Amino acid sequence: MESFLQQVVSGLATGGIYAALALALVMIYHSTNHLNFAQGEMAMFSTYISWSLINAGVPYWIAFFATLVIAFAGGVVIERLIIRWVEDAPVLTVVIVFIGLLMIFNSVAGWIYSYDIKVFPSPFPDQPIQIGTLYLGPHDVGAIAVTLIVLAILFLFFRYTSLGLAMRAAAENPESSRLVGIRVGRMLGMGWGLAALIGAVAGMMVAPIVFLDPNMMAGILIYAFAGAMFGGISSPGGAVFGGFFLGVTENLAGSYIPFIGNELKLSVALVIIVVVLLVRPSGIFGKVTVSRV
Amino acid sequence: MCSRNHWLRLAAMTAGLILVFAAFPGDQTAYGQDEIRIGNTNPYSGPASSYGTIGRAIGFYFNKVNDEGGINGRKINYISYDDGYSPPRTVEQIRKLVEQDRVHLLFQTLGTPTNSAIHKYVNKKKIPHLFVATGATKWGNPKEYPWTMGWQPNYQTVSKIFAQYVIENVPGARIGILYQNDDYGKDYLYGFKAGLAEGIERAGLTGDQAPRIVMEQSYEVTDPTIDSQIINLKTSGANVFFNISIPKFAAQAIKRIKAIGWDPLHIINDVSTSIDAVLRPAGLENAIGLISAQYIKDPASPEWADDPGMIDFLKFMDKYVPAESRNPAFTVYAYSVSQTLVYVLERCGDDLSRENIMRQAANIRNLELPMLLPGIKINTGPDDFYPIEQMQMQRFDGEKWVRFGDLLSAG
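Heads up: the protein sequence lines correspond to chains A and P, in order. Residue numbering for the first sequence is 1 to 293, as defined by this note's numbering. Residue numbering for the second sequence is 1001 to 1411, as defined by this note's numbering.
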């Protein structure tokens, strides 16, 4: 029982990692209707920027927010310089551009910072919290809280601000939006910026747990995708739920179902992606999209 | 018209010439008598590029050898290509080294998957494939692959040494194992189990006295964390933890064990003993008490300050290795393995045929090198393609590794 609880807690912690990145994926989908495969690498790169700042002596929280600004600007620049040219291109072209971005970020990070693992500081205390026989990592708890705070801010932003409304409109119906005076191009750029910003938060929360290296996000991205698909790619709350669900399921299935074990943990994530796409493509909490033909 | 005929004739002649040359393939090696061509592949780009330091350091060492007059009057021409740790590129580069550059031998090609990809090819072509830079056990199989030889203690030897340590020091140990689910992890795991079984039988241990494995947990390189595995291992009640993982996961494990209040005897595989790349990220205070094994002298350790071998090595570093390429652990490795090759080539005398190079490589007797731990002797023979088979145990004291006990070998 004790180990069962510990597995659940540890699953929630890893789930928090997936949830944060899943949120960034949903963000891009929300504002551009694309799934960005380079999301993880962009997050990793932002984390390196933050690491450089901290290593140069900048205090943690200043570096944290400076990185958010830089990531946001970077996201806007990428959208304006690269993505807008393939906006109307076939899906395959867009996918290939995303994969290209992924490889560029990965290689450039390796080239600049080398492939050795780096220690990334956590803003939370170091000593584990012990409740009976259960151990909680303060960073794990903190990271989950940060993810939930980001989710709440996003919800408020899209629900109650006119900028949020304009962004949603630009993604869902660019032509009508243009007619009512929304600058669609600018909104798409903002969407990318916001996604990059959320990715940066995810990166800075993940790095203290898994250590910072250029391949840090490779495995996480697949789980984040599965989480986002499961909860609903169009629903931020759903994606966060999906991330947590996956983290816990993965741990429990790996530990208690002998047939799955640790070898097939990743397969569980992939099976979830396939099943969701077959049975309910919009995910559990997602809106069913209807398109006029 | 005239000019067209002219071109046709020229083309025909060229084609003829190519045919003539092509008719003398294989043995007609084009190298001059005044140099020894040594081919190598290393990951200078890509995810494993930190290992590229080894390939470069070998080049620096050969510069030193050439400055001092070469080997039996011949200069070394070291040709090292980038394969990015990608097996298809290794195949491409090795073919280029063998068929275009016509190297005498291949040396220190780096990586297990990469060397696996060229294993058959080099043996079919009968190219000496010496002292490969990987610890897999399969490189010492002269019956099937008489042209390939490893160098460092192989994974099975290392894990047998660890098994022996557990048997002698922890009566009735309950062992939990974490391993990477691939060739490397399974090689270690296999060696450990074999070593445990042999050791228990040799010592005649029975019942509660005999150590046993209570749990094995695997992880995939793509896993973000190994937290779940560590929790399961703790729950299994193991009091010895054998950790077979690469630096990233080793560092995670060292940190996580303390964070969930588990306190086993932690044995870490020799892949992940680097203080800078593993222990510092994990937190030096979390690493106190770690056990591992070693075969080379650690330049960071004060005990070698007055050691003549170390003094020579540091002089070499100063003179030949540019500051940005100075990774002490990798450089000691490159330095020692290059010395082994130089020893073999010196013994070849003027007969640099591939057969003779291989014969000399398989005929090393009690070779001691300045940067190997005192007492370690390199021995090979026609049936023994495992050059280094001795190691010494070491324990981390919070600052540095401290060696203890006698040299061990997996008999």
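Derived from the structure by calculation, the hints contain no laboratory data. No experiment lies behind these values; they were computed from the predicted model shown. Using N, Cα and C, we set each Cβ at its ideal position, and we do this for glycine too. Please note that the accuracy of each hint is not assured.
What the hints assert, rightly or not - Listed below are the simulated BS3-like cross-link pairs for lysine-lysine, each with C-alpha atoms no more than 27 Å apart in a straight line: (1) A:Lys118 with P:Lys1143; (2) A:Lys118 with P:Lys1255; (3) P:Lys1186 with P:Lys1138; (4) P:Lys1138 with P:Lys1377; (5) P:Lys1143 with P:Lys1125; (6) P:Lys1125 with P:Lys1096; (7) P:Lys1186 with P:Lys1255; (8) P:Lys1064 with A:Lys118; (9) P:Lys1064 with P:Lys1075.
As the list claims (entries may be wrong) - Only part of the chain A face toward chain P is listed, based on derived beta-carbon distances under 10 Å: (10) Gly11; (11) Phe98; (12) Leu102; (13) Asn106; (14) Ile112; (15) Ser114; (16) Phe124; (17) Asp126; (18) Ser176; (19) Ser177; (20) Asp213; (21) Ala218; (22) Glu250.
Holds or violated: Phe124 of chain A as interface residue toward chain P, Cβ cutoff 10 Å?
13 Å, violated
Let me know if the C-beta of Phe98 of chain A comes in closer than 10 Å to any C-beta of chain P, holds or violated.
19 Å, violated
Is the shortest C-beta separation between Glu250 of chain A and chain P less than 10 Å?
8 Å, holds
Min Cβ distance, Asp213 of chain A to chain P: is it shorter than 10 Å?
Holds, because the Cβ-Cβ distance from Asp213 of chain A to chain P comes to roughly 6 Å (cut-off 10 Å).
Given the hint that Lys118 of chain A pairs with Lys1255 of chain P, test it: the Cα-Cα distance must not exceed 27 Å.
14 Å, holds
Leu102 of chain A as an interface hint toward chain P, with CB separation required under 10 Å
Status violated, d = 14 Å.
Distance restraint between Lys1186 of chain P and Lys1255 of chain P, which requires alpha-carbon spacing of 27 Å or less
24 Å, holds
Does Lys1143 of chain P sit within 27 Å of Lys118 of chain A, going by the straight-line distance between their CA atoms?
44 Å, violated
Does Asn106 of chain A meet its interface restraint, that is, does its C-beta lie within less than 10 Å of any C-beta in chain P?
8 Å, holds
Hint check: 10 Å Cβ-Cβ cutoff, Ile112 of chain A to chain P
Check failed: Cβ of Ile112 of chain A comes no nearer than 12 Å to chain P, outside 10 Å.
Is the straight-line distance between the alpha-carbon of Lys1138 of chain P and that of Lys1377 of chain P 27 Å or less?
Roughly 21 Å between the alpha carbons, so the hint for Lys1138 of chain P and Lys1377 of chain P holds.
Regarding the hint that Ser114 of chain A lies at the interface with chain P, is the smallest CB-CB distance below 10 Å?
With a closest approach of 6 Å, the Ser114 of chain A hint holds.
Checked against the numbered hints given earlier, the structure breaks hints 1, 8, 11, 12, 14, 16, 18, 19 and satisfies all the rest.
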